[in-house]
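Undergrad: Protein chains in written order, with numbering that gives the first Met the number 0: chain A, 0 to 275; chain B, 0 to 275; chain C, 0 to 275; chain D, 0 to 275; chain E, 0 to 275; chain F, 0 to 275; chain G, 0 to 275.
The set of hints was computed from the structure by calculation and includes no laboratory data.
Treat the hints with care, as some may be off.
What the hints assert, rightly or not - Pairwise CB distance ranges (calculated):
1) A/P211 <-> F/E215: 51 to 57 Å
2) D/I19 <-> G/I75: 35 to 41 Å
3) G/Q51 <-> D/E209: 18 to 24 Å
4) G/Q60 <-> D/D193: 26 to 32 Å
5) A/D130 <-> D/G154: 33 to 39 Å
Stated by the list, open to error - Listed next, the stretches of chain B that the computed footprint assigns to chain A, with coverage defined by at least 3 CB atoms under 8 Å from CB atoms of chain A:
6) 28 to 42
7) 153 to 164
8) 191 to 201
9) 204 to 215
10) 257 to 268
Values in this document were obtained by computation on a predicted structure and should not be read as measured data.
Virtual Cβ for every residue (Gly too), placed ideally from N, Cα, C.
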Amino acid sequence: MSQWLNNWTEGAFLLGIAMIIGQVILAIIAFFIARSIGTRLIRGTFSKMERQKNMSAGRVQTLQKLSVNAFSYVLIFVFITIVISIFGLNPTGLIAGAGVIGLAIGFGAQGLVSDVVTGFFLLLEKQIDVDDYVTAGGVDGVVEEVGLRTTQIRGFDGTLHFIPNRDISSVSNHSRGNMRALVDISISYDDNIDHAIAVLQQACDRIAAEDPTIKEGPNVIGVQGLGDSDVVLRIIAKTENMAQWAVERKLRKELKEALDANNIEIPFPHQVYIEK
Amino acid sequence: MSQWLNNWTEGAFLLGIAMIIGQVILAIIAFFIARSIGTRLIRGTFSKMERQKNMSAGRVQTLQKLSVNAFSYVLIFVFITIVISIFGLNPTGLIAGAGVIGLAIGFGAQGLVSDVVTGFFLLLEKQIDVDDYVTAGGVDGVVEEVGLRTTQIRGFDGTLHFIPNRDISSVSNHSRGNMRALVDISISYDDNIDHAIAVLQQACDRIAAEDPTIKEGPNVIGVQGLGDSDVVLRIIAKTENMAQWAVERKLRKELKEALDANNIEIPFPHQVYIEK
Amino acid sequence: MSQWLNNWTEGAFLLGIAMIIGQVILAIIAFFIARSIGTRLIRGTFSKMERQKNMSAGRVQTLQKLSVNAFSYVLIFVFITIVISIFGLNPTGLIAGAGVIGLAIGFGAQGLVSDVVTGFFLLLEKQIDVDDYVTAGGVDGVVEEVGLRTTQIRGFDGTLHFIPNRDISSVSNHSRGNMRALVDISISYDDNIDHAIAVLQQACDRIAAEDPTIKEGPNVIGVQGLGDSDVVLRIIAKTENMAQWAVERKLRKELKEALDANNIEIPFPHQVYIEK
Amino acid sequence: MSQWLNNWTEGAFLLGIAMIIGQVILAIIAFFIARSIGTRLIRGTFSKMERQKNMSAGRVQTLQKLSVNAFSYVLIFVFITIVISIFGLNPTGLIAGAGVIGLAIGFGAQGLVSDVVTGFFLLLEKQIDVDDYVTAGGVDGVVEEVGLRTTQIRGFDGTLHFIPNRDISSVSNHSRGNMRALVDISISYDDNIDHAIAVLQQACDRIAAEDPTIKEGPNVIGVQGLGDSDVVLRIIAKTENMAQWAVERKLRKELKEALDANNIEIPFPHQVYIEK
Amino acid sequence: MSQWLNNWTEGAFLLGIAMIIGQVILAIIAFFIARSIGTRLIRGTFSKMERQKNMSAGRVQTLQKLSVNAFSYVLIFVFITIVISIFGLNPTGLIAGAGVIGLAIGFGAQGLVSDVVTGFFLLLEKQIDVDDYVTAGGVDGVVEEVGLRTTQIRGFDGTLHFIPNRDISSVSNHSRGNMRALVDISISYDDNIDHAIAVLQQACDRIAAEDPTIKEGPNVIGVQGLGDSDVVLRIIAKTENMAQWAVERKLRKELKEALDANNIEIPFPHQVYIEK
Amino acid sequence: MSQWLNNWTEGAFLLGIAMIIGQVILAIIAFFIARSIGTRLIRGTFSKMERQKNMSAGRVQTLQKLSVNAFSYVLIFVFITIVISIFGLNPTGLIAGAGVIGLAIGFGAQGLVSDVVTGFFLLLEKQIDVDDYVTAGGVDGVVEEVGLRTTQIRGFDGTLHFIPNRDISSVSNHSRGNMRALVDISISYDDNIDHAIAVLQQACDRIAAEDPTIKEGPNVIGVQGLGDSDVVLRIIAKTENMAQWAVERKLRKELKEALDANNIEIPFPHQVYIEK
Amino acid sequence: MSQWLNNWTEGAFLLGIAMIIGQVILAIIAFFIARSIGTRLIRGTFSKMERQKNMSAGRVQTLQKLSVNAFSYVLIFVFITIVISIFGLNPTGLIAGAGVIGLAIGFGAQGLVSDVVTGFFLLLEKQIDVDDYVTAGGVDGVVEEVGLRTTQIRGFDGTLHFIPNRDISSVSNHSRGNMRALVDISISYDDNIDHAIAVLQQACDRIAAEDPTIKEGPNVIGVQGLGDSDVVLRIIAKTENMAQWAVERKLRKELKEALDANNIEIPFPHQVYIEK
């Protein structure tokens, strides 16, 4: 009977050994295949990038090495845990150790995912197009490039802003339809408001007739405020996109001259003096 | 007995091999079916989108490729873990590796979910309707579109704001009922307050009679402040929605003219000078 | 013996197959029951909502479809994992994949839970009642509705604010008891303070006798500040709730007139000029 | 032998079925007991609350229904997972689904726990007592109630502030000991500083003798600043708690009169004019 | 043979039942021991606290009840899961349910741990000592008590600030060595700078000789600014800790008198007037 | 039969003991190999760093010791969990304990990963090059070094800023193309706007002809504002990168002189005086 | 046969009991060894700290007791879970309970890890050296000590700031190379700009010749602004580190005197008066 046991034990033992060796060999083969494919993929990506964006060979070298290393570390870790579990040992401790690093990476890299997700929808919903004038991520300017990770906006002062898409939550697109031109003109408390409005409206109508970029108005909409020293009248117009500033500048000049011509004063600050 | 063992072992072994092969074949078939269905679904979605929103073919191509790739990577990963576990190997290491990426994606994409959840309730609770004038996400304007992910608001200066719904926590809807018109008028410390109030209230009553957009008032409610150089009187009215600004402008003009007509001064800033 | 083995193997095999098939059938039945119940519940909820809130049929359609889809996806996922585990395969990979989506949803939807939890306590602790005048979530106004998810506050300018309850941390309820009316009156550095206080207190007493909304005071509590050009006296009263503004306006008018009547100056800003 | 097997199989099978049925029955009984106890507990809590806080029956109804529902959903979920695992199926998919909701709830409800934890220590460390004058959570006023979840503070203007304890991190308690009264008095650049200090100190000593709420000082501590037009002297006193404002008002009045009596000028702003 | 089976089955069955009953009894005993020890510990802690901090019996009652309840709930939960697993049922559902509450508690209580960890290092690194004058957590004052959870700071106006240690990140300790006294004195653009510096330095030297709390300087370090109407000279000294304000006050008085004595003007604001 | 059992038991027992001892020996060997390799790697890295960055030997010693210790702790922990699981004990409690530390480390170290991820893309997308003038992380200056963890920017005042890459979200690169020079010039309300524009444009054209760094303009684009006392004209030019400030300075000087030469006034602030 | 079974059962049972007892004894031994080592280590650390930092014995006692207690609690918990799992009971409930505390600790202690990680790189990258003048964590001053957890910075007013390293993200080091001295000087609109620049540059050259701490310049770089009442000229120099303030003071004094000597006016604010 103990003979039987020995045989059985021996057979099972040999079978076990054989299976372990087979599995280890399989794992090693899988490891080398995965590593070779991965490394080749990374190298290919970088050499393509080098040609396309003409980056310096040194910088490409640095980044490629970093990527290959990171990939290799991950692969080696997966390999070791598999081998350990083949030998029947419990890799929980090892995995717990790696989980710490993984957690840090997961948190650290979430920004990257946020970038791509936001970028995806920026493109999909056509919120931003190249050459649009937008306000996004606290920056004002004309869009030069919309990528999956970053959007490049050229500020009006010539600065090129690189904004990771995650920082672009609300987009204000100033290139989607007619824009408003708005000018506030002050007149004195002594002037007749109706007269001033008539004079300003006349000038507005003349400008509207001259300027084809004006789509609507300009109209004097009334008394916007009763200031310390002045009565403020507001003039509003609708203009072609991007023509709003030119129209505002024109309106300021022409309306000031119209008031001058009609002897309506644009008042300086006033103060009443009581001498003691 | 060892014969029996051998037979048993052999039988079990063959059975095991057969089962493994069967399972692998099943997994492969499931993989190809899932992949084919998924890819077709994605392509369908994008070609529909291309027709509806007339997006450029290039952009659709980019986004579709990205989606198909992401889907394939996920599918391949699921497939590999299943195959590994069929062979009796422990895929924990692999899953731990994937968990890192998953964690990053989960965190990165939570904004998207937030958008849809908020959007769902924006629609369900009718907080926002197209053409409402609202303040939401730090932006003022008229709603052009309420979607599950983004809300489009047209600012009064013509800008089109795209606001992800997650940024819309509190909504201030200015198109739900009558609005208040509020005007503060200053009179001099030397003028009789009762007289001034009577004059202003008379003018208010005349305006109320003329203007059908005024629903209540306007009334002079009393002395709102004792300023450095002026006594401030407040006038309040209820108007039809969106008529509040026109009423305020009218009130400012008419009340100023009423005070002028009654020789009540709107004072400039005063200062007492003590010469030394 | 091998006969016995075959029989045993065969029997176990057939039993296994039978059990698998039985379990799959059970799972399918459970799936269809769950789906049918869930769908009916969602439809019922929405059609009730449609009648109650008179929402447009189109919008209800959209939201209902989204809800049914979401429910179906979850159900299908649960079904697939159960079937996979019935076949003895390891669904860990699949679950890991789903966990990513789950994580995103869990994070994205936490705001919703926060809303309900806060809403529950807002109602339970009676912090807010309809028609209370409150400051909450950065908004001022009268409460129109307190729900489990959102609170609606009508601003004094007519705007309707929808505030998700999670944004309501501190609530300032201005409708719980008598309110304070506070007026600061300036007198000149040359005037006798005791005399001015006497004059003001006399006027205060007269107002207190006239106005039944005043519960306590008003009293001149003393010299609140020594300003650049004036000595500031503070008057405080307790009034009925919501009467504080009317009382303050009345106090300002009456006290100003009392000072005028007693030749006590409310001073303009002073400046000493040194000519060179 | 196959007979033996059949018997064995059959016996084990019957035993298994019996055990499953037994377990299911146990689970069902446990479910109904738990549900009945839970529901009764919730109802009891709410009816007690209704009597104590005289809440409207409608509101109690709403909250009670919500609580019972939430409790039932949780219980049903626990029951289903137990039944599923009794049948030998893998409830992982179901639990993963529930985990998503659980995660959302856990995150959403953490504020509640924060409230109770902070509230516990607020009470334990006696940081706040009813009737203390405190600054907490950005609000100033007298404490009306300290609860485990919220603290109620009555502002000086009559507003009742409800502050969730989690918003109370730092507490500034103004009712723990004597308070400081601080008055800054300006004198002219032309006045003798020593003389002015002597005059002010004399007045201070007189006030200290008269007023029993003053515990220390008031003392002129010296030249606090050399302003644009004035030399600023600072007077400091220690007073009984809550008497500091009355003492400051008294000091301002008396010190101003003391300076007047000694012909020391409190200067208006000065400016040198250079005419061109 | 079936006899054998029956025997075996029966024996195993009885053994199983016996083991289950034994385990349940063990669990019940462990539960009562743990509960009795825990309750006694909590009661002891609170009655000690009641004596030491003379808290009202009512408040102690409330907190003690809360603690005992919380402890009991946790113990009951642990007990139930153990009993369930003894009966061979899967407590995963129950644990998932509890995990939700646990998560909320874990997040809610992390502040508490933060307090203790920070408190530990505040004490260990001697950043704060009782009677130090510090700025921490946005509050200024003298430390009254440093605990593991909260630090008590007495503000200069008498307020007692309770600051949870987690809010104390950077500590600015003003009681660790000599302090700087800094005074800026303005002279006219017409005065000779070298002469003014000489006069001021002379006064500084005299003060330094008189005052033993001054450790270094005071020295006129030069022209700190060219203001609108004045040339600003800066004087710096090193003083004993907490003597800096008295020295600054003394410097202001003495330097002003020194300039007066030498006919150097401290200028009022200047303005050039162009009449039109 | 009991003999057989004893044999079997004994054999299995011995086999088990043998396997345990074998596994422990394997684990110990693996431990020492891993430790030796790890320590050598760390030492090598630090001694290389010491040579390259000429750090003091003491500091290197400190950091190296810290690294070796951290590595050893992790290794010992992994070793212990493996040994415990070899003995058939459940290391869950130990791992739960370690998980707490791991969690803290994972959260604490995520910033580090964020740095490297952001750094990777800063380099890859060429957002920043050495010697670029950029605004990033709230700091302005010229880039001195871009690393994977930190970026060094030299401020214009000579300060060297070390910015961890995670703090660099949006990068504003001022060295990518021509820059804008912008000058606002005020003229009096009494001057003729057309004449002033003509004079300024003439001067602009002369400057453009002289200065090769100007690429476009400068042009007077019109009336930018109607100020309290002045009409504001805006002049804009495009210049070579980094020449914008010099051009602006030149423009200010030349335009001021051009206006002087043509008797066009740059007005001082105006005020109307009403004597009473 | 049943005899055989009994024997077998009995043997297995006894073997099981023996193994359980053996494991428990092993666990108890391991527990006492671990506890003794841990306690000794903690005591050693603290008594060393007591000698080095001369902390009061009482404080050391408190901290040591806290550390030993925390260590004991963790050890006891690990011990209990191991014993429970030896008895074949499921410790999941217990671990879930502990996980809650663990989670809280993990979150609460992450700041500590952040400190050490940041501290490690502060030292490694030599961002900060003792005696550097830096701006970090919102504080300005000279570094006194850089530790792994906190950095001590001595403010210029004598305050000692303790900054946890996690609060130090960007470091601005003002002690790494030459610094810039920058002075803006105003001249009147009536003065000739070229003449003023010549006068200022002459003075600059003289100062540069005299002062060896000046490395470059000072140079008048041109018209920095056209102010309300003045033309602003900017002078820039490069100086030795920490000499920038002295150079700026010297420049202000010398340039003011140079302008005086050449009768170039530094203008007071101007205003045009229009009397009415």
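Undergrad: Broken hints, numbered, in rising order?
TA: 1, 3, 4, 5, 6, 8, 9
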